[in-house]
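Undergrad: In order, the protein sequence lines correspond to chains A and B. Counting the first sequence from 1 gives a position; my numbering is that position plus 1450. Counting the second sequence from 1 gives a position; my numbering is that position plus 1341.
It is possible that some hints are incorrect.
What the hints assert, rightly or not - Here are some, though not all, of the chain B residues that point toward chain A, as calculated from beta-carbon distances under 10 Å:
hint, residue
1, Gly1505
2, Gln1509
3, Arg1510
4, Pro1511
5, Ala1530
6, Asn1560
Stated by the list, open to error - DEER-style ranges, computed between Cβ atoms:
hint, chain 1, residue 1, chain 2, residue 2, range
7, B, Gln1450, A, Gly1925, 29 to 39 Å
8, B, Val1469, A, Glu1776, 50 to 60 Å
9, A, Ile1883, B, Pro1394, 30 to 40 Å
10, B, Ser1355, A, Ala1912, 57 to 67 Å
11, B, Pro1394, A, Pro1471, 20 to 30 Å
12, B, Gly1522, A, Gly1875, 48 to 58 Å
13, A, Gly1925, B, Thr1582, 29 to 39 Å
14, B, Ala1448, A, Met1527, 52 to 62 Å
15, A, Asp1973, B, Ser1355, 46 to 56 Å
16, B, Tyr1543, A, Ile1883, 54 to 64 Å
The hints are simulated quantities; they were obtained by calculation from the structure and are not laboratory data. Here the structure is a predicted model, which is why all the values come from computation and not from measurement. The C-beta atom is built at its ideal place from N, Cα and C for all residues, glycine as well.
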Amino acid sequence: MNPSDPKIGVYVCHCGMNIAPKVDVEKVAGFAGTLNHVAVTRDYKFMCSNPGQEMIIADIKNHGLNRVVVASCSPRMHEPTFRKACQSAGINPHYFQMANIREHVSWVTQDSQQATIKAMDLVKGAVARVVNHRPLESREVKVEKVVLVVGGGIAGMQAAITAADAGYKIYLVEREPSIGGHMAKFDKTFPTLDCAACIMTPKMVVVDQHPGITIYTYSEVTGISGFVGNYTATIRKKPRYVIEDRCTGCGTCMEKCPSRKIPSEFNEGLGNRTAIYSPFPQAVPKTPVIDPDTCRVLALNKRCGACAKFCEADAIDFDQQSENIEISVGSVIVATGFQAFDPTPLASYGYGIYPEVYTSLAFERLNNATGPTAGAITMQDGRVPARVAIIHCVGSRDTRHHTYCSRVCCMYSMKFAHLIREKTGAEVWEFYIDVRSPGKLYEEFYNRVQEEGVHFVRGRVAEVTDIAEREADQGRLTVVAENTLTRKTMRLPVDMVILSVGLEPATGAKELSRLLNISMDGDGWFTELHAKLAPVATATGGIFLAGCCQGPKDIPDTVAQASAAAGEVIALLARGTVTTRAEISHIDPDLCSGCRLCLNTCIYSAITFDEGLNVAQVNEALCQGCGACSAICPSSSASVDHFTDRQVMDELEAIL
Amino acid sequence: MTVYAFFPGCAYQSAAGYRESVDALNARLDIQLQELDDWNCCGATAAFSLDEPDGLALCGRLFALAQKEGFSRIVTVCNACYTTLLKARKRMEKDPQKLAAVAHTLADQGLELADSLPDVRHYLDVLVADVSDVLEKAAADNGDTAGAVAVYYGCQYTRPWISGPDAQRPRMLERLFTKIGIHAVDHSAGTLCCGASHAVPYADACGPMIRRIVREIRNKGGGIITTICPMCQFNLDAGQTDRQTDPLPVTYFTQIIGLALGIAPKDLGLNKLLIPLRTEKKKAS
């Protein structure tokens, strides 16, 4: 078989009802038969199926084909499938070309005749291109069996533990002073009502003590370069002003600190903290941090130093500076989580205006045994509420804010209802749009709280106001809503209002997406490679997603996804090598003018400059075949395999 | 001097002291409102809900009149005019075909409607955004004070035009009042509905709505209500006369600001209010 004498097989796929009803596949196949070098043409219901692939393999063997064109879906879908089929029949996988007549034709073209013409053009282009294809071999590259996990919430912790247990080295980076994330703020978890701390704290301890995990808290990832298996990450450790190696975590510094009236972020502003603080008692690491904005020494330049005076370990260091750490990692798991929607713009719900209006996160703290009231559900004046309203979908399912459903609010709202009933006996009114409880034992929980006497009103609340209708209700809040089932408006006096705020991407998600070169959807969530078949991978090799950074999800789903991300990483790095693209760049030394434009363009640092010869050279081990050098090269000396000028121009010419 | 095209609207002429107080402020603050020549009704809520092309044409004619005289801004003093003009402007900007249809209709009358429609502004916007510095300087500390003033914005001034907290709980006029030494009280009734044009035909339904607004303001310590719209003023003023033993006077914001500038109550048309306002001299300190 002489590859320079092309003998091409063209296969047109029906794709069930996806292509065939719009495109006349038989006509396309017949047309392909009239093209130069085409020896075999066929159309078939599903080319990607086993019989479809076997058809190609048999034709290669029986008819001596040395090039294959499949007209079907996007190469992102099945190019690897057909390349593998070519390879198993004994021809180089790069002697294959795909014509996308589904996404580019049948799905987007109204007129059947036009669709058929367009499909024929694309097949013609693919045939013209495949004639010029050259055999290419992919390479194996060594990888670092080291994983960077960004975010130390339940997702990051779960992924870190799983991968570390498999023997990988993990760097866990968390920007807050402690790992734990949002889950550390919760008291009970739905639907089983097990205590969050009881299931969370042991995991935090495992992460802390695991020999394979290094934790960087109060730190952020500020840079990343390289490619799958071989990334270099830069981590910036913010100064804690407390030396971690010396600190014993005794807590004397926090007792002695005179700046005591700083609203606690961890308690959602319901309680106070000191300037030197540890966000919560079970924090990991135990080492506190000094808040430079409120510390008398650091912020006000006063002579205080109470913490330093009383520290027996001599661990306070007011001169500590931020520190940059560079690490080599093979893979990255992004687990940066979410932030709660800030309901301040919805002034009609009175958040920030009436003290008895709480966000759900604030209520989690109010209800928490380690929270500002030690878990007693009381109002700001210490009284126990007699009636509580919970407003669903605040910031979610709202075209003015987030159109998506935040998925967890119905369930946590009903958890609140149960806990309020249990602890205070107060009346609870849930104002909902639809109750969404599609999880294991979730519907059962919904039934349970209904039986516990919780009132459910289907209607979006119009307003929370302090205008009372009756003198007896002065000083209480009134919830104004329409019950859309009874078609009556109601004004319900209550003592406390909880806003079930939705989830939105964490601050800094956009910057991180740029840093890691991963994409975000319109709402700001990181996009997975494929919604169904690659739900934890990203379009960037070796970078995976876990938890809410990919979209709102509850704890069970988060943990499952984190375990999956760890599994993907383990599978990717297990062999110690990864297969890289065969298509890499070449620079023709005879044409290179030595202008060096390509050196700065290459984001993989794969191009070096030979001063002696005055030419640029590609390091094949580093090149990822992105084509940037080829695009910028003014002398056309740089070119990328599989995208040579000849291949691209012949394809275009055939189409036009 | 700042010159604006002025669309007074149908209720302005008969509103209790609105014209007098706006004129007085214009003179003091060097603002010129040039009334559109041959202006027409904006259509209010009725025109749009019955026939959109007619509703757009009524507003479009006002825009064309302003353009003819070279104005890029139209000032109104009424929430209904304000929201109707903004609505028309938004719909025509969003859909060029609607603008073209209105232009076609107006062409029959010899009027030309250009693409760049004029900005629509409430007189309150002018005071808050354009002349607040002048106003602060002019606020003489020997001006009359009326006591604790509660601002009633009504439902159409902020919504749906502003986003964020100011949409539901506007505070721009309170901020201005504070700057010029007027005591503004904080309350929760600023954007509740007063019943608007239903207050007369459906007085039984609207009475409780008006009383809720007044009661809230009284509960929060307000002694005087101030409004920015003739309809709101009329509803709150007339709505209290036969039912309340101790009604709260209902003024225009221009009257309250006029007092702070030391303008005499009679020059502000304050004698036209149904519920009289008693003013007192600020003590010189």
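Undergrad: Hint by hint, note whether the structure agrees.
TA: A quick look at each hint next to the structure:
1. Gly1505: 5 Å, holds
2. Gln1509: 4 Å, holds
3. Arg1510: 4 Å, holds
4. Pro1511: Holds, about 9 Å.
5. Ala1530: 6 Å, holds
6. Asn1560: Since chain A brings a Cβ to about 8 Å from Asn1560(B), closer than 10 Å, the hint holds.
7. Gln1450(B) with Gly1925(A): 29 to 39 Å: The hinted range 29 to 39 Å is violated for Gln1450(B) and Gly1925(A), with Cβ atoms some 59 Å apart.
8. Val1469(B) with Glu1776(A): 50 to 60 Å: 54 Å, holds
9. Ile1883(A) with Pro1394(B): 30 to 40 Å: 35 Å, holds
10. Ser1355(B) with Ala1912(A): 57 to 67 Å: Cβ of Ser1355(B) to Cβ of Ala1912(A): about 33 Å, so the range 57 to 67 Å is violated.
11. Pro1394(B) with Pro1471(A): 20 to 30 Å: Since Pro1394(B) and Pro1471(A) have Cβ atoms about 42 Å apart, the given range 20 to 30 Å is violated.
12. Gly1522(B) with Gly1875(A): 48 to 58 Å: 51 Å, holds
13. Gly1925(A) with Thr1582(B): 29 to 39 Å: 30 Å, holds
14. Ala1448(B) with Met1527(A): 52 to 62 Å: 56 Å, holds
15. Asp1973(A) with Ser1355(B): 46 to 56 Å: Given range 46 to 56 Å: holds, Cβ gap about 51 Å.
16. Tyr1543(B) with Ile1883(A): 54 to 64 Å: Roughly 30 Å apart at Cβ, these two residues miss the hinted range, so it is violated.
The structure does not agree with the numbered hints 7, 10, 11, 16 stated previously, though it agrees with the rest.
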